[in-house]
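J.: Next come the chains, spelled out residue by residue.
4 protein chains.
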Amino acid sequence: MLILPGKQGILKVTLLIHCPDQSGIISSVTRFFHERGGNILYLDQHVDQEAGIFFMRLECDFEEKRPQLSHLKAEVQTHLQEKYQMEWELYEEGVKPRMAIFVSRYNHCLYDLLSRFRSGELEVEIPFIVSNHDTLQHIADQFEIPYHHIPVSREFKAAAEEKQLDLLNSHAIDFIVLARYMQIVTPRLIDAFPHRIINIHHSFLPAFAGAKPYHAAFERGVKIIGATSHYVTEELDAGPIIEQDVTAVSHVHTVKDFIAKGRDLEKIVLSRAVKLHIARKTMVYNNKTVIFS
Amino acid sequence: MLILPGKQGILKVTLLIHCPDQSGIISSVTRFFHERGGNILYLDQHVDQEAGIFFMRLECDFEEKRPQLSHLKAEVQTHLQEKYQMEWELYEEGVKPRMAIFVSRYNHCLYDLLSRFRSGELEVEIPFIVSNHDTLQHIADQFEIPYHHIPVSREFKAAAEEKQLDLLNSHAIDFIVLARYMQIVTPRLIDAFPHRIINIHHSFLPAFAGAKPYHAAFERGVKIIGATSHYVTEELDAGPIIEQDVTAVSHVHTVKDFIAKGRDLEKIVLSRAVKLHIARKTMVYNNKTVIFS
Amino acid sequence: MLILPGKQGILKVTLLIHCPDQSGIISSVTRFFHERGGNILYLDQHVDQEAGIFFMRLECDFEEKRPQLSHLKAEVQTHLQEKYQMEWELYEEGVKPRMAIFVSRYNHCLYDLLSRFRSGELEVEIPFIVSNHDTLQHIADQFEIPYHHIPVSREFKAAAEEKQLDLLNSHAIDFIVLARYMQIVTPRLIDAFPHRIINIHHSFLPAFAGAKPYHAAFERGVKIIGATSHYVTEELDAGPIIEQDVTAVSHVHTVKDFIAKGRDLEKIVLSRAVKLHIARKTMVYNNKTVIFS
Amino acid sequence: MLILPGKQGILKVTLLIHCPDQSGIISSVTRFFHERGGNILYLDQHVDQEAGIFFMRLECDFEEKRPQLSHLKAEVQTHLQEKYQMEWELYEEGVKPRMAIFVSRYNHCLYDLLSRFRSGELEVEIPFIVSNHDTLQHIADQFEIPYHHIPVSREFKAAAEEKQLDLLNSHAIDFIVLARYMQIVTPRLIDAFPHRIINIHHSFLPAFAGAKPYHAAFERGVKIIGATSHYVTEELDAGPIIEQDVTAVSHVHTVKDFIAKGRDLEKIVLSRAVKLHIARKTMVYNNKTVIFS
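Protein chains in written order, with the numbering used here: chain A, 1 to 293; chain B, 1 to 293; chain C, 1 to 293; chain D, 1 to 293.
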């Protein structure tokens, strides 16, 4: 992994927590960091009253004495995890996650992601692009990202999946972005990347799940169309929603117009989800997301 | 019917047309009015290329020589209808349509409609309100509109429908607004008012049709909720959509928050649909609407 | 004041804080409540990095031992205020703020506020309505709220203001809502209700401040119009913005259409601001607001 | 010019008209085309009642007998222009307009335009890009579009303008897109391309015209930010508005966040304006636009 140092040796971390709700958690966690010389820069919490679950996102830096990250993690485990039955993740700022992009034939999301990447807007590494077609090879070339053409046929689906997993593992990929990848992702891949595969669906889910949503929306005569980014789960187009947006349409618009308008939605909604994921602002539970500000 | 004269004796009409698309319609229709001394104030047309249907909305006034409305209608029939196999409606400006309101227990849409009515924003007559509960009687009283409490039980459903139809007929009602009326409207009523019953559904259709859409939306974890006004057809929540709008929600919102936010959407989206209908800006075909500007 | 008890004797409080940012505040505040048997239900904080100011909103209940509110306030002063140079407010849940409404001739915001009030959507007392016209007396009557007609002429402006202040004081009013009140509020009134007068301006501020914003927007040919609710300060239409919303317009819309579309924006945006204020979710600094979720 | 033939030899034209409003125009124009064998595919008209101006956009094809374009233009002049004092433009479908892009250092609008161009979404020719910096040369190279670096200093402003005009003329440019070009365009250039220079301004005009709009919006504490595309006129940021859009912000967002969110608005709003212009759906009068559907 590439480590980008922050200010001269300062450690800055992001902590994500969820656990059964109970009294005193915020107080305990903030005291934990305060006692270790940490300065809390940001804290947001959420309680799902119905489910009785507590969520927290906290950013903290250590200006004076810089703890070892491994030591800090051990202390979280000893002093917080056990007491509160916490599930937690602790990230060090400056460590860029490694993102793989899967595409098929549509190029607008790919162009958008790569443009943002090249502009420094996305703080990730992009070791490669995978596609079941060779159609977009030239864009990968244009942006100088390796492009792996792995055809997916019914017959060789398992072999294709194997190749994908090899690539993902050998490049230590952290998460996958399906940038209009028109194949159904297999359970094996989903299991390997739980809540770490982001898809963009070209409708306002749960309306028009499945194939050809713009055609279905046109047929139904809706006055607003949308796009939805979500984490992929085994049930098609039913995973936890990260971000949605919509745009107005009217009777003057054809299916072709829906598709053109939808392209803009898709690329914006996908990039917002990717940015939220990179910034560790998303948590998943009960097939829903908590999106921190 | 109450006739509000326009400018000193000037006849102003709105014509709505649909027919199989073919060459020369616009030219024929505009010439038709021009030759009769009409001045076209507004013309909007739409062609559904796929279905091969032509739609037009036209406003025209007659400043100099005022034709008889009945004579004008006869001429449309003779000179336009037959040639183009048109279906058409011709409305005289200043004739207020007569609107019945159906409610149950929720009051926000009723308050909103009656406030707009009293302010002169809705150019209609409202002869009465019907409800299956007596809960909102006081609001009807407050705004001095007759309120008919017609309970609807499974046992007496047919009798209730009979009473409703009697009221609707005896008051020469033109169209019905279901302002959060929580009963399923019967086919007999729908047949009596084809594409003239406007409902507000508290979701972004076709997502979350049926009961408890806010609960379903919360359960699914959507990031945007909506409301949809549509003409009632026999299939529940599946009629031609007139207007939709949405608002953002997040994990911090409970079902109760969804309901509160939704109330504002519902009343705005319903009132827009009612205003479009009153202004004769809606046409229905293939279970969709054309909404003229 | 009317006290609505919460759950059987449970004290629930909302604390709003702002102070110079420094390390350890969140930890100290949460420990403060934890040590007194409080259970933190909600915490949101914000740091304006540039201005170096820390903001917090915290909801806490005391299930087991119920402290005296006055005692709790004294302890906040002793243990928190001095150490951190805090400015703070502590509210007890169930105490409804007292809200006066000022109107002129437009009725849509008044209708909307009173309908919400009657429906139980606004947790306030509304002791009276003030107007410089008698135009809307009938609406006050309809909703059975006292209506004081206090004409405001150039000559008798000071006397009118005196009457307004008398009413506001004698009814122990907490905050004022200008529901399209078309008079400029005087510095004396503003000083008496600092950041406690909410206005709705019918434009997307800072565009089109001052008179006739819809005419100005039409003249400029904008494609979107808006409404803005803000706290009133001495500079006209320049106070801290609470809430804004917009709607699309086009060349087909006349000034009259802008006004009609704007009415819906105005009432929704005003009511959102009023609800945020009632829920103590707004804080003001540097002529801006922090709006907690 | 490159001519893309439509369906086998069929002539399809778009006519834009504006003239003083009077009775009979629509009838005359539609009859004109009908008599010449034209089939009207689309007609939209607008009357600015206040200004007394009539606008029309009409699409028409000639399936059977294909007229000469020059002959058709002559006939419009003879039979329509004189009678109605029309100003008009007649475009042949399939003739791609030639568009020059001006940029400075920001790359997001450039990436977006070039991606759309390469995807076939923009039906234009792009003979070259001009910039006052060499910063974005690599993007031009990536997309294989000639890039002319023409530095603009106070001293050599006139010379730079001369070079720009030479390029524009020698490549027969039809219109210019300022894709975040951070120089003020000179009157000479504006005169040479009247209502044919499209700019994107990073605010919701008329709010925050001029430099650093995001900083000004942050300072003011607005809750919504926007972007505006408009035709360039001599008065800075005051030309006819083509398209606007907005997005919500809150106190949690820094100026840097405003800028990041704004980038997405800017590129979408600019591309919509460019597409409307290319489709000949814009007309300008009284410093406003009519945007046809």
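Source of the hints: derived by calculation from the structure; they are not laboratory data. For clarity, every value in this text was computed on a predicted model and none was experimentally measured. Check the hints yourself; a few may be wrong.
[Stated by the list, open to error] Keeping only pairs whose Cα atoms sit at most 16 Å apart, straight-line, the calculated EDC-like set for lysine to aspartate or glutamate is:
hint	chain 1	residue 1	chain 2	residue 2
1	D	K275	A	D257
2	C	K256	B	E121
3	C	K261	B	D61
4	D	K96	D	E64
5	C	K288	D	E219
6	D	K256	C	D61
7	B	K12	B	E87
8	A	K261	D	E121
[As the list claims (entries may be wrong)] Per label pair, the in silico range of CB-to-CB distance:
hint	chain 1	residue 1	chain 2	residue 2	range
9	A	H71	D	A211	45 to 51 Å
10	A	H71	C	S23	16 to 22 Å
11	C	Q49	A	E123	41 to 47 Å
12	B	K83	D	K83	23 to 29 Å
13	D	A211	C	K256	33 to 39 Å
Cβ coordinates follow ideal geometry from the N, Cα and C atoms, glycine included.
J.: Decide, hint by hint, whether the structure agrees.
T.: Each hint tested on the structure:
A C-alpha spacing of about 12 Å is found between K275 of chain D and D257 of chain A, which places the hinted pair at or below 16 Å, so the restraint holds. With a CA separation close to 12 Å, the supplied pair K256 of chain C and E121 of chain B stays within the 16 Å bound. Restraint check: the Cα-Cα separation between K261 of chain C and D61 of chain B comes to about 26 Å, which exceeds 16 Å; the hinted pair is violated. For a cut-off of 16 Å, the pair hint linking K96 of chain D to E64 of chain D is broken: about 24 Å separates their Cα positions.
For a cut-off of 16 Å, the pair hint linking K288 of chain C to E219 of chain D stands: about 8 Å separates their Cα positions. For the proposed pair K256 of chain D and D61 of chain C, the alpha carbon gap of about 37 Å is over 16 Å, so the pair is violated. A threshold of 16 Å between alpha carbons decides the hint, and for K12 of chain B with E87 of chain B the separation of about 20 Å lies outside it, so the pair is violated. A hinted pair counts as satisfied when its Cα atoms are at most 16 Å apart, and K261 of chain A with E121 of chain D qualifies at roughly 11 Å.
Under the hint 45 to 51 Å, the C-beta atoms of H71 of chain A and A211 of chain D, about 49 Å apart, fit the expected range. The hint said 16 to 22 Å for the Cβ distance between H71 of chain A and S23 of chain C, and at roughly 20 Å that hint holds. Q49 of chain C and E123 of chain A have their C-beta atoms about 19 Å apart, which leaves the hinted 41 to 47 Å range violated. A beta carbon spacing of about 28 Å between K83 of chain B and K83 of chain D agrees with the range 23 to 29 Å that was offered as a hint.
Distance hint for A211 of chain D and K256 of chain C: a CB-CB separation of about 36 Å, consistent with the stated range 33 to 39 Å.
In terms of the numbered hints stated before, the structure departs from hints 3, 4, 6, 7 and 11, listed from lowest to highest.
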